[in-house]
Structures are given as structure tokens and as C-alpha cells.
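Work out the full structure: start from the sequences and follow the hints.
Chains as they are written, first to last, in my numbering: chain V, 1 to 518; chain F, 1 to 458.
Because the hints were derived from the structure by calculation, they are not lab data.
Every value quoted in this text rests on a predicted model; they were computed, and no experiment measured them.
C-beta atoms are modelled at their ideal positions from N, C-alpha and C, and glycine is treated no differently.
Keep in mind that a hint or two might mislead.
Derived pair list, reagent style DSSO-like, types lysine-lysine, alpha-carbon separation capped at 30 Å [to be verified]:
| hint | chain 1 | residue 1 | chain 2 | residue 2 |
| --- | --- | --- | --- | --- |
| 1 | V | Lys219 | F | Lys440 |
| 2 | F | Lys344 | F | Lys377 |
| 3 | V | Lys478 | F | Lys206 |
Reference excerpt, derived from the structure (chain F facing chain V, CB under 10 Å, subset only) [stated by the list, open to error]:
| hint | residue |
| --- | --- |
| 4 | Arg286 |
| 5 | Thr287 |
| 6 | Leu297 |
| 7 | Asn393 |
| 8 | Arg395 |
| 9 | Pro398 |
| 10 | Pro410 |
| 11 | Asn411 |
| 12 | Ser418 |
| 13 | Ala423 |
| 14 | Leu425 |
| 15 | Leu428 |
| 16 | Val430 |
| 17 | Gly431 |
| 18 | Val434 |
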Amino acid sequence: MPSVEPSLSTARLAPALRLRSLYLTKLHYLELPLILLAAATLRLIALGDVGFNSDEAVYSGQAAAISGDEQLSQFFPIFRAHPLLVQFLTSLLFRLQVSDLLARSLSAGIGILTVLLAYAIGKHLYGRKAGIFAAMFLALMPYHVVVSRQMLLDGSMTLFAALTVYFLARYSTSQQSPWLYAAGASMGLTFLSKETGIVLLAAFYAFFALSPSIRVRLKDLAISMASMLLVILPFPLTLILAGGGGAATTQQYLVWQLLRRPNHEWDFYPTVVGMAIGPLLILVAALGLWLLRKERSWRDTLLLSWIVIPIVFFQAWPVKGFHYLLLIAPPIAILAGRTLGRWEAIRPRRSAWIGGLLAAAVALSLAIPSWNRTQPNATGEFLAGSGGVPGGREAGIWVNENSPEGASLMTIGPSMANILQFYGHRRAMGLSVSPNPLHRNPAYQAIRNPDFEIRTGEFQYLVWDAYSAARSSFFSEKLLNYSQRYNGRVVHTESISTVGPGGDSVEKPVIVIYEVRP
Amino acid sequence: MIRRILRWAAILPLFVLLIGASGAPASASLTKTPIQHLIVLMQENHTFDNYFGTYPGADGFTAETCVPVNPFEVSNTECVRPFRIGDLPIENLDHSRQTFRLQYNEGRMNGFIQALNIRNQNGKLAVGYYDDQDIPFYWNLADEYVLFDRFFSSAAAGSFMNHVYWVTASPGRGRDKATPEGLGDLPTIFDRLEEQGISWKFYIQKYDPEVTYRDLVVGSPRPPQVEWVPLLSIDRFIDDPRLNRRITDLDEYYEDLRAGELPAVTFVKAIGSSEHPPGSLQAGQRTSRTMLQALMLSDAWEDSAFLITYDDWGGWYDHVAPPQVDEYGYGFRVPALLVSPYAKQGYIDSTELDYTSILRFIEDNWGLEPLTSRDAKANSLDNAFDFTLPPRNPRIIPSQRYLGDQGSEPNVTVIGISYGASAALAGLIVGFAVVRARQKQGPGSGLENESVGAQGEG
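Below is the structure:
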């Protein structure tokens, strides 16, 4: 088996060739910085143009509460569904200032680090070229770009999941047990970022089970798992020791998660997420697996385990989210990188330009939608986890500046309520939150009798938004009925520019705030 | 020539600015204080002790308070301590001039129970009180704004005379109730305002424009709006459309606020939710809250003052003997709260006040002549304001009382230490792995080679 990048005996090269080689070597130094620059550009450009979505508002609200922000801690209880590593890290930044841009910058930074890690994994498993391609594809991948631009937990979970892959790769190549311990610790951080990362334990197991060439001593495995448990320890520890009803809340979340009804069709991941990862990229990754099947080794098994297990788990899980599958983005990018990195082995008689052309096509197929995704959404529709909510921040700021302290807002659903609470510092409650505790997020309170509560002056404003209305026309109509019944008067409107039927630019109202009185 | 024109052209905007600047405070200078709008909501039938007798820091019940069951019978030493009414059924306690005299008992303030017992009512009920569980909104207002604990009803009598004092600073014809003869041409504060071209309105909840004192029939029940709105007993306010249109339904208050047309002086009578026993206190609080919220949401808030008070004592116990300033009063203390961006925060004002103090404030603020010697001598509401501070932003007052910590907040230090330690531990393990790997690798052998060498395996 030849080495991936056969070393060249430069001594035997002609001076002209030597010069070319020197030029190429210098160029190599630029490849990774250029890729990181592209990754940073796509993740940071216009990062604060659109305000938070609901999840971002919640995580940032938790971070603000941890940092000691008294106002936001009223609206965002620290203990909700997830462990708090990301919120804790964000809270360190929030000690300087509570800012959506700051929180997202941290996420973007984590995304860029993941790109660097994809390079390291690709290089370690399949050689430098594969690493470069892997980093480039991940840097440009719309799925990773979109999620990295948001203050979500999945970016951090993916970084540590990729780090686990890296340590497992190092262990597998060196058989040095400390790498296995490091993989355990990294696995712990994956869980601390988001508890769903625990599914990768199955990938961990599958990798060793399907790779007989990798020998594992039981003692090393035990120490690795102990490392993981030690790192995970703050999660149960804080629930028990920090007080505030954390343990009970987390149990309620578990029950709720188990009983939640499906929120997307079965083909959500193949269609929506598949498109965001890049169909051509997936094709190239699969092509490599097929064409290089003779080279099949534990390396492919490791990456495939990191892809297949999360897909199977989240496909089976009734609740689906756009960002849930981010874990699989780096392994797919690495497999695609490997295909192009080993192109000469696939088509040795063909010139390299076909590989180059394919790489360029993949890069272009990723870069264009990624660039488009950095622009504000002008459709008035919104998919959770796919970006910020246009107009939400501005509406929240209006509420903060123009409504009396202590005012309460009724929204169609809890998503807009979260955004308004974060930016507006006013209590907001969703009309669609079920009064049945089994059918609602335990963090949310239901409005038991909306009509009565408006009549008794518990709510001063009703907030209609196009995004929630698109999801629930029933509650949208209900809210508008209340507005009509209780002398609703429009006091503020947020609009977005969108393209009308005639192709002209039209202002579409996306958030309307009504003042009501009994 | 052209230069001169240009010079004048340059100066002209300055003139415009000066005229504009001098015009701006002109409207503000109409009032002595920054208060451009005064709203007075008159509710019904409670004493200070009945609502705020247990309010911390106010002149309420003492540990020794125990009201004799019958002070007129020397051998009877039984007394009743104040008790929380809560959900106990209540009734409309008698609050006639005769009952006042017995309860007052020449300043001894001990005839409250017996005065009702002799009218076949449960006299002990008079010693009952409400607290923050029953009237949380009012207690919250007291916490945030001004609570008066020396605010007396103007007359030692029932509703009608006190309402007459409220708008005329006089007892009218000295009658306890509205009568078919009306109030004649009694001058009111609204006449004073009208003369000066200062806007005013009298809003009435559930107002029926067809019902006035002319509809009273001796021996038949008197419509509340006639009993409680003295203007409906004065012919010119009924017959003159210019004056009559200023008496209007409460719904118009909200429309006026939204339209930015709130009058300078607003009197309000809540007919359906007046808190008159045995009516619902919650309904009264809701009306007050709704009115206040509407004010807070409007542009008028920043130069307004909103006063809530009660027309008479309603037969309830109060421990402070009212000063007798003339043959008609004062009557017992009534609850009174002032809400304004200029109101002192969480302040208990013990200035001696009565309904004519409201008139005195209006007269002082808008430069009007007093109506009678009562309002001329009355203390104003000035002490409740602090005009040296900038106006406070509106704050929606909750309808529920804050009941302390419902559950402890999580300890953020524990969270910080735990997660920080965990990240550090992970870092240590990874660091250990890297160092050990380098040691085993030996000097000069880069880790890079591992991958190349291992490529062929398995």
C-alpha cells in the first residue's frame, strides 16, 4: 500500500522543477489560512443584521442569568432541558456586555475551530490533501455556516464530537492509551454541550466493534469512560447542589421530550438537511466510499459510525430539528475530502484536472447557497434553527423603549415570546402553549383563560407575527379576535422587504403590536 | 443690498426658533406645577383601617386595638379585636349621620359595634379589615406611590353630602341624600374651570344620560348616578349642552387618552365597580387598574396625577378621631392613594386632608378662586409630590401581591465552579494525552508519521 503523499526526492529534480516544487510548497502554506478566512467570512459577515430566534434567545437568556443579569433571569430560568457548558462560556462574555453579536461571535468562533479540526482529522486519516479539501468543504457548507452563525448548542457539540473523532483516530494509529482517555474527556464535553451528543456513545461502541484491527484494553476503555463521566459530572451535580428546582425541571423536560408529537414529516432530514449539507458533497463522499472500497479501513468505519448512528437516532426520534444533525457535517466533509484527496488513486490515468474541476464544482455548489444564507430571510416564513428572525429584535427593542415597566405581552406562540422577553425585558406568554403540562415545554406557562386575563388587565399588548401565524392559523385568528374584542390599536409594526407578485419590492408586515384594554 | 438680504435671511430662523421656544413653555405655565392632568376616582364606603389598618408603617391598628361591643353599658367589658374579613360574607353597613354620631361617641371612637347592633346589623363586622391578600393591587400602589393616612371624608355623613363636598367644597343643602329639589345653582369646581377655559370632564361608568335628579320619586330607590354625581342635581349641567356634554360615559376616558385629549381635570365615578359593600373589591381594583394602565400607556402619563379615594366610611371602624372643622365634618378617615410620575415613592403622607384638598390643589395648580372657606383653608396635596426629581417612567403595577421567594434561585457560583472545573479537567486529560504521546514518540519523530504508517492497516 503506497503512502498517501509519497515524499518527493527533491535532490533528483531539475532546478526548474525544484523551483516549481518550492512555489507549490509555499502555496500550500496559504491553503489553510485562506480556507479559515473563507470560513470566518461566511460565519461573521453581517452576523448581527438579524436578531435572535427563539432558541438563541433562550440560551442567551440562560447565559445572561448565569452572568448575574437580574432582569433577564426573571424571564429565563437557568435550568431547562440542556446542560450548560455553552451557556456558561457565553456567560463569561456576558459579564462584559449582554449582546447578541457577542454570543453569536462565540458560536462563529467555535464553527471556525471545527473547520480547523476537520482539516486535522482529514490530514491524520487520509493525508494533507484530504484534510485541505475537508476543511474547505466544511468551511463552505451551508448547513454548518447557518448553524455556526447562531447562538445554539449544536456548534459546540459538533466541535467536541469532532475532537472525539480526532482523539480516537490518534489512538487507533498510535495505540497510545492517553488518546483514548482524551477521547473520553472530549465525549464528556460533547454531552455537556448538548445531551443528545450521548448518542455518539453508540458510535463509539460501533467503531470499536466493527474495527477488529484496533485493539482496546478493557482497563483503558474503563479509564476513558471514567474520564467522560468525570467531565459530565457538573450536569447532575449542579442540578442537585445549585438548587432552584433544577432536578425537577430536568425530569419534567425528559417526560415532555418523550411525549412530544412529531413536528416534521419523516423526510425532513433527507430533504431539508440533505439540501443544506449539499447534495453534490454527499455524492462525492459516497463516491469515494465506493471507488476506494479496496482501501477500506477502520478510518472509514470511524467516520461512518459518526454519520450513521446520529442519522438513525434522529430519524427515529419523533421530534426533528434543523440543527440536530450538525454532528454529521464534519465526517461527511472529511469523506468527501478524502475522495478528492485520493483522486489520483481513483483515476490514476486521468489527469488531475477532473479532480480539480469536481472540487471546484463542489465548492461552488456549497459557497453560493452559503452566501445567500448570510443574507436576511425575506420570505416572512421561518424554519426553527435556520437563522435569526427578521424584525424580532427590533420589535423587542420597541417594547423595551415604549412600554411601561411591568407590561405583559401575549403572543401567538412561545417562540416570539422568548425573543420579545430577551430584547424587550417584558413578560411575554404564548397563546398556543397548552394548559396540559404533558403537552408543553415545562419552561412555559399557559395562559389559562386569555379572554379573562385581557379583561382583567393582565396583558396590555397582543403581538401578532407572520412566522407563528404561518405555523398556527388557529391561534393567529384567536389572537386577532382578542385584539378586535378588546379595542386593539396598532402601536407598532415591523416589516420586511420582499418581492411582490409583480416582481417589485413590497413591505410585508411580519410583526404587529396591538395595545389592548378591557 | 443682497448681503443685507442674506444677513436677514440668516437671522430669520433664529427668530423663528426664539418664537417657538417662547411658545413651548406657554402651555406649561398654565399650571403652577408640572401636573397638567388630574384624575380623581371616587370609590365607595371604606375606612382607612378597613383597607390599610395593617399596612406596615401607616397609622393603622395597634396591638392594643380592641373595640368595645357596647361602650354605653359600663358593665359590658367585652371588646372585639380587628380581624381579617377574607371570604366572610359582608353587608352594607349603615353609614347615616346618626350612626356616625354613635360610632364617633364624642371623639372616643368606641361606638362602632353598638351603633350597628341597634340597627339589627352585625356590629362586630365593622371591626373587620382587608389586607394585601384581598386588595393586593391597592397595597402594591401604596408600595410604589403615595398612601395618605390622614385623609378624611369631608362630611360626617353618607354618600351624597360627601360627593357634594367633592365638587363644591360645601354641604349643598345639607341633605344626606339626593332630593327632587336638586342643588339649585350651587357653584362647582367645574364652573371655575369653565370660566378659565380649562378643560374638564366627569366620566361615569354605565352612564345613563336620561337619568337626573328630576327622575327622583320620594320613597323610590334613588339611581346611584344621581346620588353620586352632584352635577346631575344642578340644572345648568343638565340643560346647557356645552356643560352637559362634559358629563359622559367612562368608555370615553379611554378614547380621550388614545386621542391625546385627556382633559386637565377629570372626575370619575365608577357605578358598577365602586367597591360599595357588599360589592366586589376585585371589580373595583380592576377598574382602577384598567384606568391607570390606560393612563400609563398614554402620552399623558408624564404630566398626570391620579388620585383614588372613597366617598365615606361605610360604617367600618377607624381608630383616628376626625377633627371637627365645622358642623358637618370631618367624617372618618378614608383610604386615598396618589399615583403620578411626580409622586414620592413608597411614601406615607400624613398631611391632614379631605376632599376639598383636591379642590385646593386644582385651584392652586390652575390659578382658580376657592369655592368656599373649606377649600380655602384645606391643605393641598403638594406634600405628596416631589417636583425636584424628573418624572418617573410608568410601571405596570401587578394585580397580585409579591409573596416572597416561591422557590430559591439556582446558585450561579456552583454552576460556574462546576462547569469551569469540568472544562479544566477535560483540558488536563487532553494535555496529558498530548504530552504522553510526544514522550512515547521520542525526540525528532513527528506525530504526522502515525497516519501515513497506519494507512495500510485493517
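Do the hints match the structure? See the list:
| no. | hint | in the structure |
| --- | --- | --- |
| 1 | V:Lys219 - F:Lys440 | 19 Å, holds |
| 2 | F:Lys344 - F:Lys377 | 24 Å, holds |
| 3 | V:Lys478 - F:Lys206 | 28 Å, holds |
| 4 | Arg286 | 5 Å, holds |
| 5 | Thr287 | 9 Å, holds |
| 6 | Leu297 | 6 Å, holds |
| 7 | Asn393 | 6 Å, holds |
| 8 | Arg395 | 4 Å, holds |
| 9 | Pro398 | 7 Å, holds |
| 10 | Pro410 | 3 Å, holds |
| 11 | Asn411 | 5 Å, holds |
| 12 | Ser418 | 3 Å, holds |
| 13 | Ala423 | 7 Å, holds |
| 14 | Leu425 | 6 Å, holds |
| 15 | Leu428 | 8 Å, holds |
| 16 | Val430 | 5 Å, holds |
| 17 | Gly431 | 9 Å, holds |
| 18 | Val434 | 8 Å, holds |
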